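S.K.: Residue-level listing of the chains:
4 protein chains.
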Amino acid sequence: MRILVTNDDGIYARGLWTLVGALKEVSEVVVVAPDREQSAVGSSVTLHQPLRAREITPPVKGVKSYCVEGTPADCVILALRNLNDSEIDLVLSGINEGANLGDDVLISGTVGAALQGHLNGIPSVALSVASLEDVHFDAAARLAVVLVRKIGAEALPKDIFLNVNLPNLPLDQIRGMEITQLGRRSYSDEIKEGHDGKRKYYWIVRGKPEWQPKEGTDIWALLKDKISITPLHSDLTSQQALSPLKELSPTILHDLFIP
Amino acid sequence: MRILVTNDDGIYARGLWTLVGALKEVSEVVVVAPDREQSAVGSSVTLHQPLRAREITPPVKGVKSYCVEGTPADCVILALRNLNDSEIDLVLSGINEGANLGDDVLISGTVGAALQGHLNGIPSVALSVASLEDVHFDAAARLAVVLVRKIGAEALPKDIFLNVNLPNLPLDQIRGMEITQLGRRSYSDEIKEGHDGKRKYYWIVRGKPEWQPKEGTDIWALLKDKISITPLHSDLTSQQALSPLKELSPTILHDLFIP
Amino acid sequence: MRILVTNDDGIYARGLWTLVGALKEVSEVVVVAPDREQSAVGSSVTLHQPLRAREITPPVKGVKSYCVEGTPADCVILALRNLNDSEIDLVLSGINEGANLGDDVLISGTVGAALQGHLNGIPSVALSVASLEDVHFDAAARLAVVLVRKIGAEALPKDIFLNVNLPNLPLDQIRGMEITQLGRRSYSDEIKEGHDGKRKYYWIVRGKPEWQPKEGTDIWALLKDKISITPLHSDLTSQQALSPLKELSPTILHDLFIP
Amino acid sequence: MRILVTNDDGIYARGLWTLVGALKEVSEVVVVAPDREQSAVGSSVTLHQPLRAREITPPVKGVKSYCVEGTPADCVILALRNLNDSEIDLVLSGINEGANLGDDVLISGTVGAALQGHLNGIPSVALSVASLEDVHFDAAARLAVVLVRKIGAEALPKDIFLNVNLPNLPLDQIRGMEITQLGRRSYSDEIKEGHDGKRKYYWIVRGKPEWQPKEGTDIWALLKDKISITPLHSDLTSQQALSPLKELSPTILHDLFIP
Chain A
1 MRILVTNDDG IYARGLWTLV GALKEVSEVV VVAPDREQSA VGSSVTLHQP
51 LRAREITPPV KGVKSYCVEG TPADCVILAL RNLNDSEIDL VLSGINEGAN
101 LGDDVLISGT VGAALQGHLN GIPSVALSVA SLEDVHFDAA ARLAVVLVRK
151 IGAEALPKDI FLNVNLPNLP LDQIRGMEIT QLGRRSYSDE IKEGHDGKRK
201 YYWIVRGKPE WQPKEGTDIW ALLKDKISIT PLHSDLTSQQ ALSPLKELSP
251 TILHDLFIP
Chain B
1 MRILVTNDDG IYARGLWTLV GALKEVSEVV VVAPDREQSA VGSSVTLHQP
51 LRAREITPPV KGVKSYCVEG TPADCVILAL RNLNDSEIDL VLSGINEGAN
101 LGDDVLISGT VGAALQGHLN GIPSVALSVA SLEDVHFDAA ARLAVVLVRK
151 IGAEALPKDI FLNVNLPNLP LDQIRGMEIT QLGRRSYSDE IKEGHDGKRK
201 YYWIVRGKPE WQPKEGTDIW ALLKDKISIT PLHSDLTSQQ ALSPLKELSP
251 TILHDLFIP
Chain C
1 MRILVTNDDG IYARGLWTLV GALKEVSEVV VVAPDREQSA VGSSVTLHQP
51 LRAREITPPV KGVKSYCVEG TPADCVILAL RNLNDSEIDL VLSGINEGAN
101 LGDDVLISGT VGAALQGHLN GIPSVALSVA SLEDVHFDAA ARLAVVLVRK
151 IGAEALPKDI FLNVNLPNLP LDQIRGMEIT QLGRRSYSDE IKEGHDGKRK
201 YYWIVRGKPE WQPKEGTDIW ALLKDKISIT PLHSDLTSQQ ALSPLKELSP
251 TILHDLFIP
Chain D
1 MRILVTNDDG IYARGLWTLV GALKEVSEVV VVAPDREQSA VGSSVTLHQP
51 LRAREITPPV KGVKSYCVEG TPADCVILAL RNLNDSEIDL VLSGINEGAN
101 LGDDVLISGT VGAALQGHLN GIPSVALSVA SLEDVHFDAA ARLAVVLVRK
151 IGAEALPKDI FLNVNLPNLP LDQIRGMEIT QLGRRSYSDE IKEGHDGKRK
201 YYWIVRGKPE WQPKEGTDIW ALLKDKISIT PLHSDLTSQQ ALSPLKELSP
251 TILHDLFIP
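Which chain is which? The protein sequence lines are A, B, C and D, in order. Last residue of the first sequence? That's 259 in the working numbering, and every number before it is there in order. Last residue of the second sequence? That's 259 in the working numbering, and every number before it is there in order. Last residue of the third sequence? That's 259 in the working numbering, and every number before it is there in order. Last residue of the fourth sequence? That's 259 in the working numbering, and every number before it is there in order.
There could be a bad hint or two in this list.
Copies of one chain are not kept apart here, so a pair can be met inside one copy or by any two copies together.
Said to hold, decoys possible - In silico DSSO-like links for lysine-lysine, alpha-carbon gap of 30 Å or less:
| # | residue 1 | residue 2 |
| --- | --- | --- |
| 1 | Lys224 | Lys150 |
| 2 | Lys200 | Lys64 |
| 3 | Lys61 | Lys198 |
| 4 | Lys198 | Lys64 |
| 5 | Lys192 | Lys246 |
| 6 | Lys214 | Lys200 |
| 7 | Lys214 | Lys226 |
| 8 | Lys61 | Lys208 |
| 9 | Lys158 | Lys64 |
| 10 | Lys24 | Lys214 |
| 11 | Lys246 | Lys24 |
| 12 | Lys208 | Lys224 |
| 13 | Lys226 | Lys24 |
| 14 | Lys246 | Lys224 |
| 15 | Lys150 | Lys198 |
| 16 | Lys61 | Lys24 |
| 17 | Lys61 | Lys158 |
Derived from the structure by calculation, the hints contain no laboratory data. Note that the structure is predicted; figures quoted are calculated from it, not measured.
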């Protein structure tokens, strides 16, 4: 088995190498990750500019490792096509410092990398720990190894990828695991205004999320000190809205064609 | 009613101003759009750098218009908080040159802007025409006006946003409309390799998509010269995968805690 | 005569179009300028990335105008080779908001564009007005016309380009002109430190320059409400230091070859 | 003595660490260099955006080392003010892969870093080897040590900084040293045109320089397999042009004030 490890915190992030160290015991590992932090770039792909990659001396010996001047999704694309000759069996993105929950997964670079693996037909997992400081990576690394074995044994459902979040706790203080849905939050981004001497500027600052801790959601699991695993797909279609829209369809068509 | 118009082709794109010209007849319009083309940036938000905005002289008179040195999602965020004092009732993103279909909506800046409007609780629509050349914008602009009226009349379902694609045809050659699901495509991105004199580079080039024209999908509608309207939500949760994952959950937990 | 006008404040800056309006009366004018503000980029050239250009609708009618997603020097290079078929006789960069004096010319994008014109063998002038607010562009525009006539008449010395700074005054309050040398300033840049939630950042903020108002320098002229014209070349060689260094040369060689 | 080492090839370049390894034997060394290659950015300073720095694990043990997401000049500014508490006695920029000669020093990031050191009152040296492939760094590193000793002994003239270029040869094949002036070259940049599917692009490609190998210039020294040391200052004033311009000054003034 050959695992591609990437992230959005940048190739020198401690979370990535903790993960690589653990995975290396059970699998071949290739690392292709951004050379700079790439938070909030979501699933974006660089189509307008060429990309450069550079092989690095990895902190964990014997692991072929490249950094790319691009997004996490760029890293996955280059890893699958150019920077690695052999087939990739699994994409692991993380271990991210900070949770990736609910609607925020749509702008998460960590999840964006896993999504890109999934779109290329490869089992993919995004791994995050819910803290920006004093992050406990060990439980997440251990969970990664367990998931790798399940995926290797083809025990996991196809056609999805996984978004995994852990509470920031040592393994023995984690109180279990929940298979969850993405939660909802209220957005409260603030925009700092300033002036650079010549022009006004605006700086988007993520506010503290105000989560609705509804039972069965990812945030609900974390608040109970449990691991959250959410199965994701790439399909944003709202199934519930199809019927009501179909009923409206004739009147829309009518208004469109008949002035 | 006050409509925010944005796009990912950049504020000087013809599609945007065709849309503004049509909407202005039925509503107040504010434009906040990127100063440069921002294709494939998806829903990414600029958190690491400050943003600058500039009021421009609009090609359509009397429309307050700003460009932002940022992504389409940045534009929506600044428009809702800083560049506009009054409440926005609707976000319209487009008219994009080129279709935004299937899995590709996840990296589309056009859809990313509509998603950001939706996350802020505002009815939002992404509008695209399926051609990069000789684009017919008129039918799309007219459809936008029809949809604005439906949304104004609260006829559309809540909790979703709309992804609208039109065939590149004059209105009288369009053969109808379908309420669709996102389709699937096979990816065939190519990566051009080159050398800049000092270093090798890689350039991701989107391949021609190979669509699976399954009945009921957006691509299927377009292939029949019909308009496709797909209701989208922000929830990537795979409902079908919840049960099988829950069955697996105890063995994962077991392997995690018991060495 | 055909004049290329560019700047570093960006193609929509008022100073550029005031200049174009004045020049158009006496010459053919082509505009190629950055699409965004590009202060402090100096003479830098974009070699790592491709550049995009876009023809714009100019505020001054009948002037072929392009903006480039690049630096002022990039604009000059593209203008001379690709965006314009006819020969350019003169490059005018400005009218910049804010003086470009002394050592600062080495990081000025306004001067960097004129330097690039000069390196390509074309008479070139950088034009700046010494204020960031309520800028009087009229005297500078009028001076540009006068200089264009001198250059057209081949009255100006070859092998140099000009750095012109005006006090921020209406023409009738300007007290004359000096041909000057570049002055010296003490640097007092401040670095604002901040934190973006995930990482510390540093922001370089230009301090108020503390100039040494030595007689004969550009800053000395401005302080007397006079226009400063400084002849520049592209040669940073210190002629005075050649002899003392040559005396040292044998001992350096000795130490290098004999351990 | 404490030396700041930087470059424009990026902090992981071999030339930088060969230099650091040699300097470490004779001085304390601090490294602050760009995280990415920054060729052709010249002396540009990032004023519009905040900068991030990251301490790295250096390939040469015991050397405090930071990379900055910015230009070489940014690195020098941050090193002198924020990333290092103790006084810097010397700035060394390099060892660059590729010569930095003649007019090209004005767009060289290697020279731009040395210039920034010089503007801050610190003796500064730019070091380059004239090849992009199979670069011999040893002679340059050894020369750096020799120069450091001269500068420490205050044997070098003040008010200048040094631009040093070496032929790409082992030390014993180098045929001496010349104290030189900057040479002249003919520019022959090519611009590759292409299309990204949506838009045309232009890519500036440096042509092979056609040097005028005039006696006494840097390129003349290199062509004889000698080391070139050019004393530089920050003053672009053309002394020769001052008199002829002063003669013209009254007619310019006349034309300006009298219509």
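S.K.: Sort out which numbered hints this structure fails and list those numbers smallest first.
M.R.: The structure conflicts with hints 5, 6, 8, 10, 15, 17, although it agrees with all the remaining ones.
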